[in-house]
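Taking my numbering, the leading residue of the sequence shown gets 1, the next gets one more, and so forth.
One thing to keep in mind: the hints can contain errors.
[Said to hold, decoys possible] Dumping the calculated DSS-like pairs for lysine-lysine here, alpha-carbon to alpha-carbon at most 27 Å:
1. K76 to K29
2. K101 to K91
3. K76 to K17
4. K250 to K101
5. K86 to K76
6. K101 to K171
7. K17 to K86
8. K29 to K86
[Stated by the list, open to error] Computed spacing ranges between beta-carbons, pair by pair:
9. I195 to W306: 21 to 31 Å
10. S122 to Y57: 27 to 37 Å
11. I60 to L153: 29 to 39 Å
12. S49 to A289: 46 to 56 Å
13. S157 to M36: 16 to 26 Å
14. Y13 to V115: 18 to 28 Å
15. T302 to N164: 14 to 24 Å
16. K91 to V50: 46 to 56 Å
Simulated from the structure, these hints should not be mistaken for laboratory data. Computed from a predicted structure; not experimentally measured. Using N, Cα and C, we set each Cβ at its ideal position, and we do this for glycine too.
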Amino acid sequence: YMFFLFRTVTNYYFGYKEILLSANQEQYKVTFITNMAWSILYVAEMIISVTTGNFLYYVIAIFTVNLIRAIILNIKASRQFPELRKYRNVKIDRDSINHLKRNTGGLIITRLSSVLVTTTDSLLISAMVGTAFLGKYANYQMITTGLMSISALLPQSITASIGNAGVTESKRSMSKSFETLNLASFFIYSSLTIILLTIVNPLVEIFFGPDRSLPFFSTLLICINFYLNNQRELLLTFKSSLGLYWEDRKRPIAEGLTNLIVSIVLGRYMGFDGIIIGTIVTNVCINLAIEPLVIIHNGLRTSALWYYLS
1 YMFFLFRTVT NYYFGYKEIL LSANQEQYKV TFITNMAWSI LYVAEMIISV
51 TTGNFLYYVI AIFTVNLIRA IILNIKASRQ FPELRKYRNV KIDRDSINHL
101 KRNTGGLIIT RLSSVLVTTT DSLLISAMVG TAFLGKYANY QMITTGLMSI
151 SALLPQSITA SIGNAGVTES KRSMSKSFET LNLASFFIYS SLTIILLTIV
201 NPLVEIFFGP DRSLPFFSTL LICINFYLNN QRELLLTFKS SLGLYWEDRK
251 RPIAEGLTNL IVSIVLGRYM GFDGIIIGTI VTNVCINLAI EPLVIIHNGL
301 RTSALWYYLS
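Work out the full structure: start from the sequences and follow the hints.
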């Protein structure tokens, strides 16, 4: 437990300098060092598992590699940005501190709501449908989560560019970029969703067994939810890049409450399908209805009518 705790603390203690590399549009450096570290870690974990079978050594390896990775990135950022030492005693003005506090508060609310929605679905499925059915759903979650981690690379890779454009370019230019990226996201994620709907059941049957697959309608709902979550990634990227967490602070509360209430009501009558429909309704009626308005109105300073009409 202590090693896992130290690992978490280490990430926060050293991680703030990694943000400088990402903000400077040099995320590839962080990714390269991280991938090298994890490759070494995976080899070490396999050797420890085969030769010793000692879980403590396994955990120590995770902590050690993570610490070395953090130190290397810390040193690299310090060398690349000598201003960190030159201006270490400079005090931040009160307005910047208040802006940071507000956005941090909004971010905390957003994260808590996201965790609440994710755990609510699993708890409701277990309580209202059954733990065995939750096990089947977990197989689909594993596949969709893996695909989302890959598909999210596109919006995440342009986070720093959007943040830079938000400072240097006009709102009209930013609005045009958002429209183009939104259209591209639609084509990419809709195509990925169609492919997922076609192959996910055969994949589950091959790797987990024919009795572990779900009915087509349930699979369709999972894929629709997958598409909506992916389509939100661009919105989340713009919100993060433009620092609009405080303006969006009320939506996460409405998201959590709506998802809980609708999922419980529909779950009682429709079981698993009703719970997933509850999450879909929340995404459509709360997230995709409010988030674009916050981003386009507060961040891009233009009308959001085109987004809803498209």
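Results of checking the hints against the structure:
1. Between K76 and K29 the alpha-carbon distance is near 9 Å, which keeps this suggested pair within the 27 Å criterion.
2. For the given pair, K101 sits about 15 Å from K91 by alpha-carbon distance, which is consistent with the 27 Å threshold.
3. Taken as a hint, the K76 and K17 pair is honoured in the structure, with Cα atoms around 9 Å apart against an allowance of 27 Å.
4. Distance hint between K250 and K101 is fulfilled; the C-alpha atoms sit about 16 Å from each other, no more than 27 Å.
5. Simply put, K86 and K76 have alpha-carbon atoms about 16 Å apart, close enough for the 27 Å limit, and the pair holds.
6. A hinted pair counts as satisfied when its Cα atoms are at most 27 Å apart, and K101 with K171 qualifies at roughly 25 Å.
7. For the hint linking K17 to K86, the alpha-carbon distance of about 15 Å falls within 27 Å, and the restraint holds.
8. The hinted pair formed by K29 and K86 meets the criterion: a straight-line CA distance of about 24 Å does not exceed 27 Å.
9. The given range of 21 to 31 Å is respected by I195 and W306, whose C-beta atoms sit roughly 29 Å from each other.
10. In this structure the supplied range 27 to 37 Å holds for S122 paired with Y57, their Cβ-Cβ distance being about 32 Å.
11. Checked against the hint of 29 to 39 Å, the C-beta distance between I60 and L153 comes to roughly 31 Å, which is consistent with it.
12. At roughly 48 Å, the beta carbons of S49 and A289 sit within the given window of 46 to 56 Å.
13. Against the hinted window of 16 to 26 Å, the Cβ-Cβ separation of S157 and M36 comes to about 19 Å, which satisfies the hint.
14. Y13 and V115 have their C-beta atoms about 23 Å apart, which keeps the hinted 18 to 28 Å range intact.
15. A C-beta distance of roughly 20 Å is found between T302 and N164, which places it inside the suggested range of 14 to 24 Å.
16. Distance hint check for K91 and V50: the Cβ-Cβ separation is about 54 Å, which falls inside the suggested range of 46 to 56 Å.
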